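K.L.:
Fit chain B to the known structure of chain A by using the hints.
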Amino acid sequence: MWRRIANWHRRWEDGYLALFARPARAQAAPGQASARYRNAALALDTLSSVERQQLHAFSLAYRGARGYALLGRLAVAFSLVGALLRLAFPATGWIAAIAAANAAGFALAFGICGAWFNYRKLVLRKWHFLARMARNALLATLLLWAIFLCFSDLSPPEILGRLPRMLAMMAGIGLMIAVPMLAVGVLRNRQHEALTAQLERDAERERLARALSESQLRLLRAQIEPHFLFNTLGAVQQLAQQGAPRAAELTADLIAFLRASLGDMRADQSSLDAEFKLVGSYLKVMQVRLGEGRLRFTLALPPALAPLRMPGMILLTLAENAIKHGIEPALRGGEIALSASVQDGVLHLRVADSGVGMGATPGSGMGLENVRHRLRLAYGDDAVLTLEDADPGVVAAIAIAHPEAVQ
Amino acid sequence: MTTVLVAEDEPLMRERLLDMLAAAWPEARVVLVAENGNDAWDGFLEHEPEVAFLDIRMPGLSGLEVAGRIGKLAHVVFVTAYDQYAVDAFDAGAVDYLLKPVQAERFEKAVARIRARLDLRPADLGALLGHLKAALPGMRPERTRWLKASVGRQIRVIDVDEVLFFQSDTKYTRVVLPGFEALVRTPLKDLLSGLDPQRFWQIHRGTVVNATAIAAAERIDAERLQVSVRGCEETLTVSRTFAHLFRD
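Chains as they are written, first to last, in our numbering: chain A, 1 to 407; chain B, 408 to 655.
Please keep in mind that the hints were generated in silico from the structure rather than gathered at the bench.
Since the model is a prediction, treat every value here as computed from it, not as a measurement.
Yeah, the Cβ is synthetic: ideal placement off N, Cα and C, and Gly gets one too.
Don't take each hint at face value.
Ranges of calculated distance between the beta carbons of each label pair, as one might list FRET restraints [unchecked claim]:
#: 1; chain 1: A; residue 1: Ala397; chain 2: B; residue 2: Lys516; range: 31 to 37 Å
#: 2; chain 1: B; residue 1: Glu549; chain 2: A; residue 2: Ala203; range: 55 to 61 Å
#: 3; chain 1: A; residue 1: Ala399; chain 2: B; residue 2: Glu512; range: 49 to 55 Å
#: 4; chain 1: B; residue 1: Glu625; chain 2: A; residue 2: Ala397; range: 55 to 61 Å
#: 5; chain 1: A; residue 1: Leu208; chain 2: B; residue 2: Thr551; range: 48 to 54 Å
#: 6; chain 1: B; residue 1: Arg513; chain 2: A; residue 2: Asp344; range: 27 to 33 Å
#: 7; chain 1: A; residue 1: Ala397; chain 2: B; residue 2: Glu549; range: 19 to 25 Å
#: 8; chain 1: B; residue 1: Leu527; chain 2: A; residue 2: Ala397; range: 54 to 60 Å
#: 9; chain 1: B; residue 1: Thr642; chain 2: A; residue 2: Arg332; range: 32 to 38 Å
#: 10; chain 1: A; residue 1: Gly293; chain 2: B; residue 2: Ile627; range: 41 to 47 Å
#: 11; chain 1: A; residue 1: Thr298; chain 2: B; residue 2: Arg513; range: 36 to 42 Å
#: 12; chain 1: B; residue 1: Arg528; chain 2: A; residue 2: Val384; range: 29 to 35 Å
#: 13; chain 1: B; residue 1: Lys516; chain 2: A; residue 2: Glu204; range: 38 to 44 Å
Just chain A, same shape as in the assembly:
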């Protein structure tokens, strides 16, 4: 029997705790108890999330035995106060004094509790609150007076004469409860406002930091290495001086590369098709510069994947890395293979080089960090970049689980 009651109590507590934690979910929950919860949830809806979280934390801390122990301790304390009152005013009865002290004490405790967790409404509508308190005091007085009328053996005029005194007493008790409640409410509200302001400042700072890092990223993407530009222009100059028709071809590739990479400053998003073309023009430029003996490359993009959206410049960064850390330091040069494929809904992008491999030329890792950051911004945890030693060279691979869900 006891166990059943305890179990029921525990479920009841759990229900409310869940409700405090997530009122929206309880509102949606089906089941027999849900009507009661739904009403409570509607009431909770008027609380701010900070208030609700505090209520949840409090309820969690004082659930079960601890809560009842607290109530018991309060009852003992209030009874002591009642006993002291009885000693101070011997005219009252023991039971009446202790009962009155407990009633007033618990009214004060629950009132402050309410004010503690629902301070915003209390402070926002304090006149409404005071009026309600006054009305309740009046009603309580009348009720008390009516009880008195029925059970007292005093004459009606005498009882009528006691009315002002009783009214004054009730007003005193009412004030005793209302003033601390209001004080607590105002105090808590001030705390809440400070906290809100702090949170707003934090959010603002975070937003600024993010905007800053995004603009830095944009700058990084737009950055074309001066080495690349100078050396390519040198190659164009040499070809032009030799009167070689390849000068025009190299210039065309450089223009295509510059247009795509500068154009990308304006748009965050690009398509696989555009990205492969960008990498293609970059590799063609590098092939003219390094010579066909030192750089060979293949690009494999299935037509079905060409229109797929993705953040721009990521593949180019990987291709640049392959050139810089793989092909250029290799005595015999090597090959770069760029490919895209879809397997089980996952998009795989691969940049494989047959150069000197990892560790031979340590870079700053800035480029890769940038790529990881941009993938995270665009796909969250759905995109993974891995770098693996191949024999020979390195394979940089990006796997994107929901490539269509790019942000």
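P.N.:
Below, chain B alone, put in the same frame as chain A:
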């Protein structure tokens, strides 16, 4: 006639340097055109040119490392892509440098400067190279730790530090260890860039010896020495270029 070495890894840049050299200095004789640092150094030992134009970023040995090995044996002009740190270091040192893409006017000036200095002793690059190596990150060379060599039908993995000496054998390199020797399918000039020059001394174009294995060096004639190696019967010849290693 002044002999010149040109080392540059990009073919068009290489042609450009050669064209400009032919125009600005017709009397210079280009004895070697190298496409990487390893060939540049090997070719330097073979031809001993008086002037070397060295690209800094090249596969194999970097231009800085080649210059470090050349030491005071030739006049060096560096060719480099724009790099503020490098430029500052060059400006502080006495060595000339050309920024890529090299323009004819600037090249002529460099040639004029070199010709004026030809009769002087080449500048010592030691301090400058120290600065440059610190200033150019990512240019620290990767050291070889293990060598794979075929001995008969077996593949042996050799700890580089245990090697007594390396000797060039056309396309292969003979690797001699205490008690056995093996052939590695890499030419010595390409092995060289992976070896710590403090430990492995090149004493001849075709010979690199582990300094810890050297027992003694003795004079053969006015120019040449020979070195005896611990744990090995052979003696190794030290060429004139490297005789300074054994001068006290």
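K.L.:
All hints are to be evaluated individually against the structure, with a verdict given for each.
P.N.:
Each hint tested on the structure:
Distance hint check for A/Ala397 and B/Lys516: the Cβ-Cβ separation is about 49 Å, which falls outside the suggested range of 31 to 37 Å. For the hinted restraint 55 to 61 Å between B/Glu549 and A/Ala203, the CB-CB distance of approximately 47 Å leaves it violated. Under the hint 49 to 55 Å, the C-beta atoms of A/Ala399 and B/Glu512, about 52 Å apart, fit the expected range. At roughly 59 Å, the beta-carbon separation of B/Glu625 and A/Ala397 lies within the given 55 to 61 Å, and the hint holds.
Evaluation of the 48 to 54 Å hint for A/Leu208 and B/Thr551 yields a pass: the beta carbon distance comes to about 50 Å. At roughly 58 Å, the beta carbons of B/Arg513 and A/Asp344 sit outside the given window of 27 to 33 Å. For the hinted restraint 19 to 25 Å between A/Ala397 and B/Glu549, the CB-CB distance of approximately 24 Å keeps it satisfied. Evaluation of the 54 to 60 Å hint for B/Leu527 and A/Ala397 yields a pass: the beta carbon distance comes to about 56 Å.
The beta-carbon spacing between B/Thr642 and A/Arg332, approximately 35 Å, falls within the hinted interval of 32 to 38 Å. Separated by about 43 Å at the C-beta atoms, A/Gly293 and B/Ile627 satisfy the suggested range of 41 to 47 Å. A hinted range of 36 to 42 Å for the beta carbons of A/Thr298 and B/Arg513 is consistent with their spacing of about 39 Å. B/Arg528 and A/Val384 have their C-beta atoms about 59 Å apart, which leaves the hinted 29 to 35 Å range violated.
Distance hint for B/Lys516 and A/Glu204: a CB-CB separation of about 57 Å, inconsistent with the stated range 38 to 44 Å.
Hints 1, 2, 6, 12, 13 from the earlier list are contradicted by this structure; the remaining hints agree with it.
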